[in-house]
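Q: Note that the protein sequences, when read in sequence, are chains A and B. For the first sequence, numbering that gives the first Met the number 0 begins at 0 and goes up steadily by one. For the second sequence, numbering that gives the first Met the number 0 begins at 0 and goes up steadily by one.
This list has only true hints and no planted wrong ones.
Cβ pair distances, simulated, as ranges:
id, chain 1, residue 1, chain 2, residue 2, range
1, B, S215, A, D191, 29 to 39 Å
2, B, R70, A, T208, 45 to 55 Å
3, A, V37, B, L331, 38 to 48 Å
4, B, T326, A, R318, 48 to 58 Å
Derived from the structure by calculation, the hints contain no laboratory data. We treat Cβ as the ideally placed atom computed from N, Cα and C, and that holds for glycine.
Here is what each chain is made of, one letter per residue.
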Amino acid sequence: MTNSPLTPGVAPGRLPAETLAANFSDKAPAYDPHEAMVAADRCYFCHDAPCITACPTTIDIPLFIRQIATGTPEAAGRTIFEQNILGGMCARVCPTENLCEGACVREAAEGKPVEIGRLQRFATDSLMAQGGHPFARAPETGKRVAVVGAGPAGLAAAHRLAMKGHAVTVFEARGKAGGLNEFGIAAYKSPDGFAQDEVDWLLSIGGITVETGKSLGAGLTLDGLRADHDAVLLAVGLAGVNALAAEGEDVDGVRDAVDFIAELRQAGDKAALPIGRDVVVIGGGMTAIDAGVQSKLLGAENVTIVYRRGPAAMGASRREQDLATSKGVRIVHNAAPVRVIGNGTVREIEFAYTSPTPQGLALLDETFRLKADQVFKAIGQVLDGAPEALARDGRKIAVTGAGRTSLPGVWAAGDCAAGGDDLTVTAVAEGRDAAEDIHATLMAG
Amino acid sequence: MANLATSFLGIRSPNPFWLASAPPTDKEYNVRRAFEAGWGGVVWKTLGEEGPPIVNVNGPRYGAIWGADRRLLGLNNIELITDRPLEVNLREIKAVKRDYPDRAVVVSIMVPCNEEAWKAILPLVEETGADGVELNFGCPHGMSERGMGAAVGQVPEYIEMVARWCKAHTRMPVIVKLTPNITDIRYPARAAKKGGADAVSLINTISSITSVNLDSFSPEPSIDGKGTHGGYCGPAVKPIALNMVAEIARDPETAGLPISGIGGVTTWRDAAEFLALGAGNVQVCTAAMTYGFRIVQEMISGLSAYMDEKGFASVDDLVGRAVPNVTDWQYLNLNYVTKAEIDQDLCIKCGRCYAACEDTSHQAIAMSPDRVFTVKDEECVACNLCVDVCPVEACITMRQLPKGAVDPRTGATVGDYANWTTHPNNPMSRAAE
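Using the sequences plus the hints, can you model the full thing?
A: Dropping the structure here:
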């Protein structure tokens, strides 16, 4: 190995292969069966349990935990999948401290919730390891549904529609299905190809065709889809990225964090990925954390996440923030980028401190500079390429009820639809509910 | 520090914690380790008559019930009495007693139900210097099929007869160990007393099948696909044992008969409860088999601290203190009216009290949309189920209504002590005065 964290500039292979392998292994290893039994026993089987209410997909959590505790983890898995067919991925990526575990009465009682996320993983892994598929399709209805986007919302919808007996075609812009599960989350949350395994398992219900390399504007039109199908569901996510609005940002070394994360997820050999010695991430959400932590894990010497507001306003959960700092990432709050410095390639980035005012954030006069070989922008994604014919709600597609858009026969779900909180689990819930609404609509008519 | 020394039937021991007749007391090696660990006494594992020793199964002897994290709650065994030659046991008993003169060594015996058999073995035991004998009329498995153990303990006449033989043929104190596998424990206890026994010890194990293997359909523990009725012990049996000890302690016919309490004693607290219900000492087995002999140190420190706190100078100050408070249902105060009360600061909003009360009891707990749980006094019968299912200690308590208060459920005014015997609904009621 010739490079190290001290190698100047942007360089690959800063860490030995075994260190990289360890860094990108499973963040939270699976329970062994005894651990799962002990963890399950802590559940109080609450009446009208707050954890269920806190789950966007309304999984019957006390029931599945009791099923684990009584030695039937496969039954527990089925309980989960009935509500959330991507329960395996959600077990890995949900910010549970803000959802089920945050609502757990043991959090109130002793600050230590039942580890619902890890139990869910134990249950879903157990059922998936059994092979086969737990659900069967209803008889064919003869109805055809197009789903645009093979992310969590689209996949959840496709599965539910296929289960109801409809013929589903999923169109995906990228080369493979999975959406943000495959391209948008940190590698250590979904190691060993889990995202693709989950997609394959989900599709094994049958009745779903996936066509990759196709999106609205690239081979597809909404009118064409409507003409060929009984219903259309748009689950296209947020393909656009916000700009920094900082002077000089169009230089080499400044890029979107989502692209970096996608590249990293698809990389066969992490040692081949170039990373800066000094990395600056701008933003405060999960994407910023994933980019910052993974930069550090690749061997960057200094990684700084800079967020324009305070810790409480960060989109990333407290647990995610703690993860970042535990890996040696520094988080700077209340500072916004004003200028990227560098002659063709980024060298430094200048920030101004901020102060909240009733009119919004004000930039203070005091500034500071951070050395930067790479700058990752993680300041939010925006809807891109959605048909103009659809009414908007803010910058997203307007929906009423379970994802109905302003056009008859067209539904929208997931991040592209207004409402929700841009979580995988919310996308799954919206996809599932839109599918139910599509089914009800098609069968009524 | 309180003095834990006890004298049970004149048998002195530095503390009231004895090891029960069972696998831990089968050999000199184990018993020496027990005494080094601090046990006050042992009841040596049951000796049989001279001749070819008993044989045991060569597969599993124990089955278990577990709580979370494999915490052992109940144990069942199908082991028989000692399977070592009588003379070996006698030699070892003698050696141990010689080296530990301050500890109690009582020897458990089980021989066929004829006078000659008992007459033959008693002098042999006496010769070891042992402090007393315990007649094993309790084992529910194996030996009972051969007319010994529980087969004797289930027939009061036999108990009386054998106890009398033993008293006639030894100067040692005689303790009769009772089986709980009987409808009314007072009858065998009375028989033991009538036969002249100096004390009773109880309970022996309870006939049980711990579980069934749902693949092989064999009861556990499984011996080549078959199981048998074993003896159940451990923490799970404590309430049954306490009940039987109390029955004997408050029975006028056996009142004052010394009792050695056995059955699920796991901590100092369990031991103190047996003592309070009239046991003069306790015998322990499953807890030692689960955790090893060192647990006696916790029992010693715990009981000692408790006695200091209460100002009890000796164990005798504690023995029997709860007996007067064990009574018949008919004498319970029907004017003791309580209502459940939920401490909202301690409540973690799990709703278990609500589910229990709403589904299975009296619909006396209200739940608000924001999960505040409150007791409806006009419905609450004070059953205590909410207290029992609440995961937070002291979150739900029972509040006593003062005399003169009106119970919103019945509309009746709380009065002085009154019980069923004088209640107007009782057809047998006797007028007060």
